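K.L.:
Please model the complete structure; the sequences and the hints are all you need to start from.
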Amino acid sequence: CATHALDAAGDLYNAVVTGKEEIEGRTTWILELKAKVENVAYASRKVWIDTEQFVPLKEELYAKSGQLLKRVTLSNVVKIQGRWFPATIVYKDMLKQGDGTTFKMNSVKFNQDIPEYIFTKAALKQ
1 CATHALDAAG DLYNAVVTGK EEIEGRTTWI LELKAKVENV AYASRKVWID
51 TEQFVPLKEE LYAKSGQLLK RVTLSNVVKI QGRWFPATIV YKDMLKQGDG
101 TTFKMNSVKF NQDIPEYIFT KAALKQ
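Quick note on numbering: the sequence shown equals residues 1 to 126 in the UniProt record's numbering.
Derived from the structure by calculation, the hints contain no laboratory data. Bear in mind the structure is a predicted one, so any value in this text is a computation, not a measurement. Where hints are given, some of them may not hold.
[To be verified] Each computed DSSO-like pair below joins lysine-lysine, with the alpha-carbon atoms no more than 27 Å apart:
#1 34 to 20
#2 125 to 109
#3 92 to 46
#4 34 to 46
[Stated by the list, open to error] What follows is a list of derived Cβ distance ranges for each label pair:
#5 81 to 115: 36 to 44 Å
#6 110 to 11: 18 to 26 Å
#7 120 to 51: 36 to 44 Å
#8 82 to 114: 14 to 22 Å
Glycine included, C-beta positions come from ideal geometry on N, C-alpha and C.
P.N.:
Put into C-alpha coordinates, the structure is as follows:
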(Lines of atoms letter the chains of each structure in order from A; the text may use other names.)
(Lines give C-alpha, C1' and ligand atoms only; values in the text may rest on other atoms or scores of the structure.)
Protein backbone atom coordinates (compact mmCIF):
# COMPACT_ATOMS: atom_id res chain seq x y z
CA CYS A 1 0.00 0.00 0.00
CA ALA A 2 1.38 3.41 -0.93
CA THR A 3 0.46 4.86 2.45
CA HIS A 4 2.53 2.25 4.30
CA ALA A 5 5.46 2.88 1.96
CA LEU A 6 5.28 6.60 2.70
CA ASP A 7 5.00 5.93 6.46
CA ALA A 8 8.19 3.86 6.28
CA ALA A 9 9.85 6.55 4.17
CA GLY A 10 9.13 9.04 6.98
CA ASP A 11 11.52 7.14 9.23
CA LEU A 12 14.32 7.39 6.67
CA TYR A 13 13.65 10.66 4.85
CA ASN A 14 12.65 14.26 5.52
CA ALA A 15 9.92 15.23 3.05
CA VAL A 16 8.89 18.65 1.76
CA VAL A 17 6.12 19.50 -0.71
CA THR A 18 7.85 21.61 -3.36
CA GLY A 19 5.09 22.19 -5.88
CA LYS A 20 2.28 20.83 -8.03
CA GLU A 21 2.38 19.31 -11.50
CA GLU A 22 -0.09 17.64 -13.83
CA ILE A 23 0.60 14.04 -14.90
CA GLU A 24 -1.74 12.33 -17.37
CA GLY A 25 -4.47 14.86 -16.55
CA ARG A 26 -4.14 14.36 -12.78
CA THR A 27 -2.95 17.08 -10.39
CA THR A 28 -0.07 15.90 -8.20
CA TRP A 29 1.93 17.24 -5.29
CA ILE A 30 5.69 17.00 -5.77
CA LEU A 31 7.44 15.75 -2.64
CA GLU A 32 11.22 15.97 -2.30
CA LEU A 33 12.69 13.54 0.18
CA LYS A 34 16.22 13.84 1.61
CA ALA A 35 17.77 10.98 3.57
CA LYS A 36 17.94 11.37 7.37
CA VAL A 37 20.28 8.40 7.69
CA GLU A 38 23.36 7.21 5.80
CA ASN A 39 22.38 3.60 5.10
CA VAL A 40 19.63 4.16 2.52
CA ALA A 41 19.70 2.99 -1.08
CA TYR A 42 18.97 6.49 -2.45
CA ALA A 43 20.16 9.79 -0.97
CA SER A 44 17.14 11.65 -2.31
CA ARG A 45 13.82 10.94 -3.98
CA LYS A 46 11.12 12.94 -5.75
CA VAL A 47 7.59 11.58 -5.62
CA TRP A 48 4.52 12.86 -7.48
CA ILE A 49 1.37 12.07 -5.43
CA ASP A 50 -2.15 12.36 -6.89
CA THR A 51 -3.90 15.09 -4.86
CA GLU A 52 -7.29 13.31 -4.90
CA GLN A 53 -6.48 9.60 -4.87
CA PHE A 54 -3.28 9.91 -2.77
CA VAL A 55 -1.46 7.44 -5.02
CA PRO A 56 2.09 7.97 -6.28
CA LEU A 57 2.14 8.41 -10.07
CA LYS A 58 5.87 8.90 -10.53
CA GLU A 59 9.07 8.61 -8.52
CA GLU A 60 12.69 9.52 -9.24
CA LEU A 61 15.54 8.05 -7.20
CA TYR A 62 18.85 9.89 -6.91
CA ALA A 63 22.42 9.11 -5.83
CA LYS A 64 24.25 11.24 -3.26
CA SER A 65 25.93 13.02 -6.20
CA GLY A 66 22.50 14.14 -7.44
CA GLN A 67 22.56 11.81 -10.45
CA LEU A 68 19.17 10.35 -11.42
CA LEU A 69 19.45 6.57 -11.02
CA LYS A 70 15.92 5.23 -11.47
CA ARG A 71 12.52 6.45 -12.60
CA VAL A 72 9.30 4.70 -11.64
CA THR A 73 6.00 5.45 -13.36
CA LEU A 74 2.73 4.18 -11.93
CA SER A 75 -0.43 4.14 -14.02
CA ASN A 76 -3.79 2.49 -14.70
CA VAL A 77 -4.99 3.48 -11.24
CA VAL A 78 -8.06 1.44 -10.24
CA LYS A 79 -10.12 1.16 -7.07
CA ILE A 80 -9.71 -2.22 -5.38
CA GLN A 81 -11.44 -3.02 -2.08
CA GLY A 82 -11.98 0.70 -1.49
CA ARG A 83 -8.33 1.65 -2.19
CA TRP A 84 -6.82 3.36 -5.21
CA PHE A 85 -4.03 1.21 -6.62
CA PRO A 86 -1.71 1.53 -9.64
CA ALA A 87 -2.22 -1.61 -11.76
CA THR A 88 0.86 -0.88 -13.92
CA ILE A 89 4.31 0.00 -12.59
CA VAL A 90 7.33 0.61 -14.83
CA TYR A 91 10.85 0.68 -13.34
CA LYS A 92 13.55 2.26 -15.52
CA ASP A 93 17.26 2.17 -14.66
CA MET A 94 18.44 5.52 -16.01
CA LEU A 95 22.04 4.26 -16.28
CA LYS A 96 21.10 1.52 -18.78
CA GLN A 97 19.59 1.39 -22.25
CA GLY A 98 16.18 -0.23 -22.72
CA ASP A 99 12.58 0.14 -21.69
CA GLY A 100 12.95 -1.07 -18.10
CA THR A 101 10.78 -3.56 -16.25
CA THR A 102 6.98 -3.43 -16.36
CA PHE A 103 4.74 -4.99 -13.71
CA LYS A 104 1.05 -5.39 -14.57
CA MET A 105 -1.22 -6.47 -11.76
CA ASN A 106 -4.21 -8.47 -12.95
CA SER A 107 -5.45 -9.29 -9.48
CA VAL A 108 -4.74 -7.75 -6.09
CA LYS A 109 -6.00 -8.82 -2.67
CA PHE A 110 -5.33 -6.82 0.48
CA ASN A 111 -5.08 -8.05 4.08
CA GLN A 112 -4.36 -11.66 3.16
CA ASP A 113 -2.83 -14.07 5.66
CA ILE A 114 0.61 -15.01 4.33
CA PRO A 115 2.68 -17.56 6.25
CA GLU A 116 5.96 -16.08 7.57
CA TYR A 117 8.08 -18.78 5.89
CA ILE A 118 7.17 -17.27 2.49
CA PHE A 119 9.57 -14.41 3.32
CA THR A 120 12.56 -16.58 4.24
CA LYS A 121 15.62 -16.49 1.97
CA ALA A 122 15.04 -20.11 0.97
CA ALA A 123 11.45 -19.47 -0.10
CA LEU A 124 12.36 -16.27 -1.94
CA LYS A 125 15.02 -18.12 -3.99
CA GLN A 126 12.38 -20.43 -5.48
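K.L.:
Given the hinted pair residue 125 and residue 109, is their alpha-carbon gap at most 27 Å?
P.N.:
Holds, at about 23 Å.
K.L.:
A range of 36 to 44 Å was offered for this pair. Does it hold for the Cβ distance of residue 81 and residue 115?
P.N.:
For residue 81 and residue 115 the Cβ distance comes to about 21 Å; the hint is violated.
K.L.:
Measure nothing beyond the straight line between the CA atoms of residue 34 and residue 46; if it is 27 Å or shorter, mark the hint as holding.
P.N.:
9 Å, holds
K.L.:
Do residue 82 and residue 114 keep their Cβ atoms within the hinted range of 14 to 22 Å?
P.N.:
20 Å, holds
K.L.:
Return holds or violated for the Cβ distance of residue 120 and residue 51 against the range 36 to 44 Å.
P.N.:
The hint (36 to 44 Å, Cβ to Cβ) holds, given that residue 120 and residue 51 are roughly 40 Å apart.
K.L.:
When you check the alpha-carbon spacing of residue 92 and residue 46, does it fall within 27 Å?
P.N.:
Holds, at about 15 Å.
K.L.:
When you take the CB atoms of residue 110 and residue 11, is the distance between them in 18 to 26 Å?
P.N.:
22 Å, holds
K.L.:
Hinted pair, alpha-carbon criterion (27 Å max): residue 34, residue 20. Please report holds or violated.
P.N.:
Given that 27 Å is the threshold and the Cα spacing comes to 18 Å, the pair holds.
In this structure, the one hint that does not hold is number 5.
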